[in-house]
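Colleague: This is what each chain is made of:
Number of protein chains: 2
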Amino acid sequence: MSIITQSGAFGSALLDFCAYSGIGVAKFISIGNRIDVNEIELLEYLDSDPQTRAIGMYLESTADGKKFMEVVKKIKKPLVVFKAGKTKKGTEAVASHTGALAGEYEIYKAAFKQANIIEAQSVEDLLDFTNILSKQPTLNSRKIAIITDGGGFGIAAADAAIQSGLELPEPSQNLATKIKQFLPSYASIKNPIDLTGDATSERYANVLETVLSSNEYSGVLIIALLQISTLDESIVSVIESLKKYGKPIAVCMAGGAWTHERAVKLEASGIPVFPTPERAARALSVLYRKS
Amino acid sequence: MSIITQSGAFGSALLDFCAYSGIGVAKFISIGNRIDVNEIELLEYLDSDPQTRAIGMYLESTADGKKFMEVVKKIKKPLVVFKAGKTKKGTEAVASHTGALAGEYEIYKAAFKQANIIEAQSVEDLLDFTNILSKQPTLNSRKIAIITDGGGFGIAAADAAIQSGLELPEPSQNLATKIKQFLPSYASIKNPIDLTGDATSERYANVLETVLSSNEYSGVLIIALLQISTLDESIVSVIESLKKYGKPIAVCMAGGAWTHERAVKLEASGIPVFPTPERAARALSVLYRKS
Numbered sequence: 004m005s006i007i008t009q010s011g012a013f014g015s016a017l018l019d020f021c022a023y024s025g026i027g028v029a030k031f032i033s034i035g036n037r038i039d040v041n042e043i044e045l046l047e048y049l050d051s052d053p054q055t056r057a058i059g060m061y062l063e064s065t066a067d068g069k070k071f072m073e074v075v076k077k078i079k080k081p082l083v084v085f086k087a088g089k090t091k092k093g094t095e096a097v098a099s100h101t102g103a104l105a106g107e108y109e110i111y112k113a114a115f116k117q118a119n120i121i122e123a124q125s126v127e128d129l130l131d132f133t134n135i136l137s138k139q140p141t142l143n144s145r146k147i148a149i150i151t152d153g154g155g156f157g158i159a160a161a162d163a164a165i166q167s168g169l170e171l172p173e174p175s176q177n178l179a180t181k182i183k184q185f186l187p188s189y190a191s192i193k194n195p196i197d198l199t200g201d202a203t204s205e206r207y208a209n210v211l212e213t214v215l216s217s218n219e220y221s222g223v224l225i226i227a228l229l230q231i232s233t234l235d236e237s238i239v240s241v242i243e244s245l246k247k248y249g250k251p252i253a254v255c256m257a258g259g260a261w262t263h264e265r266a267v268k269l270e271a272s273g274i275p276v277f278p279t280p281e282r283a284a285r286a287l288s289v290l291y292r293k294s
Numbered sequence: 004m005s006i007i008t009q010s011g012a013f014g015s016a017l018l019d020f021c022a023y024s025g026i027g028v029a030k031f032i033s034i035g036n037r038i039d040v041n042e043i044e045l046l047e048y049l050d051s052d053p054q055t056r057a058i059g060m061y062l063e064s065t066a067d068g069k070k071f072m073e074v075v076k077k078i079k080k081p082l083v084v085f086k087a088g089k090t091k092k093g094t095e096a097v098a099s100h101t102g103a104l105a106g107e108y109e110i111y112k113a114a115f116k117q118a119n120i121i122e123a124q125s126v127e128d129l130l131d132f133t134n135i136l137s138k139q140p141t142l143n144s145r146k147i148a149i150i151t152d153g154g155g156f157g158i159a160a161a162d163a164a165i166q167s168g169l170e171l172p173e174p175s176q177n178l179a180t181k182i183k184q185f186l187p188s189y190a191s192i193k194n195p196i197d198l199t200g201d202a203t204s205e206r207y208a209n210v211l212e213t214v215l216s217s218n219e220y221s222g223v224l225i226i227a228l229l230q231i232s233t234l235d236e237s238i239v240s241v242i243e244s245l246k247k248y249g250k251p252i253a254v255c256m257a258g259g260a261w262t263h264e265r266a267v268k269l270e271a272s273g274i275p276v277f278p279t280p281e282r283a284a285r286a287l288s289v290l291y292r293k294s
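Protein chains in written order, with the numbering used here: chain X, 4 to 294; chain H, 4 to 294.
Watch out, some of these pointers could steer you wrong.
Treat identical chains as interchangeable: a pair holds within one or across any two.
As the list claims (entries may be wrong) - Heads up, simulated DSS-like pairs for lysine-lysine below, C-alpha to C-alpha not over 27 Å straight-line:
no., residue 1, residue 2
1, 247, 79
2, 193, 91
3, 183, 91
4, 70, 181
5, 193, 268
6, 181, 91
7, 247, 268
8, 30, 79
9, 70, 116
10, 146, 91
11, 246, 181
12, 76, 247
13, 246, 77
14, 69, 116
15, 76, 246
16, 79, 146
Worth flagging that the hints you see were computed from the coordinates, not collected in a lab.
Please build the complete structure, drawing on both the sequences and the hints.
Modeller: Next up, the structure:
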């Protein structure tokens, strides 16, 4: 992904976090108060940059509203914008910062919608959305499966997926029968599919391969809480190997240092990892909205 | 803080994260499907537990609605509840998980409001809110100051603070004059107060001491992006020493391993640290709502 930012410190903090998390950054451009180059020229440049697959932008104001709209409607790569200065106080702070007139947020919001720009409501959204868009293919339908080893995280992911406009159909009887052979009798084979607290990497592999090779789901949200004693190191390569299906994958992992190290490996291999079920679900939904 | 959870994996992941982040946990109780002890008895117990200052709960359903309301109205400690099963799909997943009837989310929501329970809308909220409530005093008014070394994060924090119901009055002329002597001429002394990208620990100390010893603000949101070269290790002890003012403090730090280590030190000393400006602002606002 590439980043254009009107705040240097914002950008440095994000870069530092990306390096720490295994998230690849193609181009990083801090433009300050745009004495020379502006964000519109940079958008055109990044759209033709072969290293850039998605663009994230921290924006206080645009240099030229009309030209901005012309360019963003023309560019082919996904663009995620975080607009700073949403409230009166925020707008005043923008004036103190880069000296720019931030303009009415509502106008920006409407313009983003019109131009099919993905608006990030928070710093987390900006990072999560740009990251997943740079790594994962388009979600061809709203239908996803949630596969989890933790009931609670599965439910939280289900709520967030539905709230983000995704759909969670249950597997057909045929598919459920196939999945059932890999699971203990007490496991729930609805959606979320609960692999339960004694899940192994092999169980993940079997169920995920079955789900992804069916035509019932366009993408999967994988929750892998590594605290359970049956789940070993090999979960990383199991998830990596799913890229062959060409369908969007978002992973949720939460915990401490052990989890962080595994998440970094997955990120570096092109699979986005999110620390909460809500963030994974929201990010996955953006892959559909952009299509 | 203490945690009651109806999902074991949810709890283990949270515990792992807390240990990694320097967040202290007093009691952690995973109650599953409540064959014996239920969440109502545990709330009464934790309310009288001297080690517990705030209670966080992952709830799928309550064992007894009437009794639950009686008890939560009676307990004195702040209670944050994350209700799983907000959508039809989520409710079905609850039934598969603990076998409980999750009930209408809208009824729970109204009950939480009536009983002055703080509702967490996400896993992040549950952690952030319970953490800050366990560590920081009540915010006596909505008036806070944002002190930052990064313009962009300051603006994002200002927007989020306003959206969370906080107020950002500018310092009086008298206070502004005092602050001005510690800052370069180009720094903005409104609110956010921008210490700029060459801020030192000494500059933070001087401005924070001045702001906190005035009677113009009930709390501060400190943004300390450690990527800037002028800011050294001593920022941690500068922030720790502010506890003497007895006013709420929320810190935002974002970045990689270096930042993580400093954040852990602050957490362990009783100062909550959040990775984004929005999360710091939302958490700080909860200290007012509870009062």
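Colleague: Decide, hint by hint, whether the structure agrees.
Modeller: These are the hints, each one checked on the structure:
| no. | hint | result |
| --- | --- | --- |
| 1 | 247 to 79 | within (25 Å within a copy, 54 Å between copies) |
| 2 | 193 to 91 | between (47 Å within a copy, 13 Å between copies) |
| 3 | 183 to 91 | between (56 Å within a copy, 24 Å between copies) |
| 4 | 70 to 181 | neither (54 Å within a copy, 44 Å between copies) |
| 5 | 193 to 268 | neither (30 Å within a copy, 43 Å between copies) |
| 6 | 181 to 91 | between (56 Å within a copy, 26 Å between copies) |
| 7 | 247 to 268 | within (17 Å within a copy, 43 Å between copies) |
| 8 | 30 to 79 | within (17 Å within a copy, 52 Å between copies) |
| 9 | 70 to 116 | within (16 Å within a copy, 47 Å between copies) |
| 10 | 146 to 91 | between (40 Å within a copy, 16 Å between copies) |
| 11 | 246 to 181 | within (21 Å within a copy, 59 Å between copies) |
| 12 | 76 to 247 | neither (32 Å within a copy, 54 Å between copies) |
| 13 | 246 to 77 | neither (30 Å within a copy, 53 Å between copies) |
| 14 | 69 to 116 | within (15 Å within a copy, 46 Å between copies) |
| 15 | 76 to 246 | neither (30 Å within a copy, 51 Å between copies) |
| 16 | 79 to 146 | within (25 Å within a copy, 45 Å between copies) |
Figure legend: structure checked against the earlier numbered hints; hints not met, in rising order: 4, 5, 12, 13, 15.
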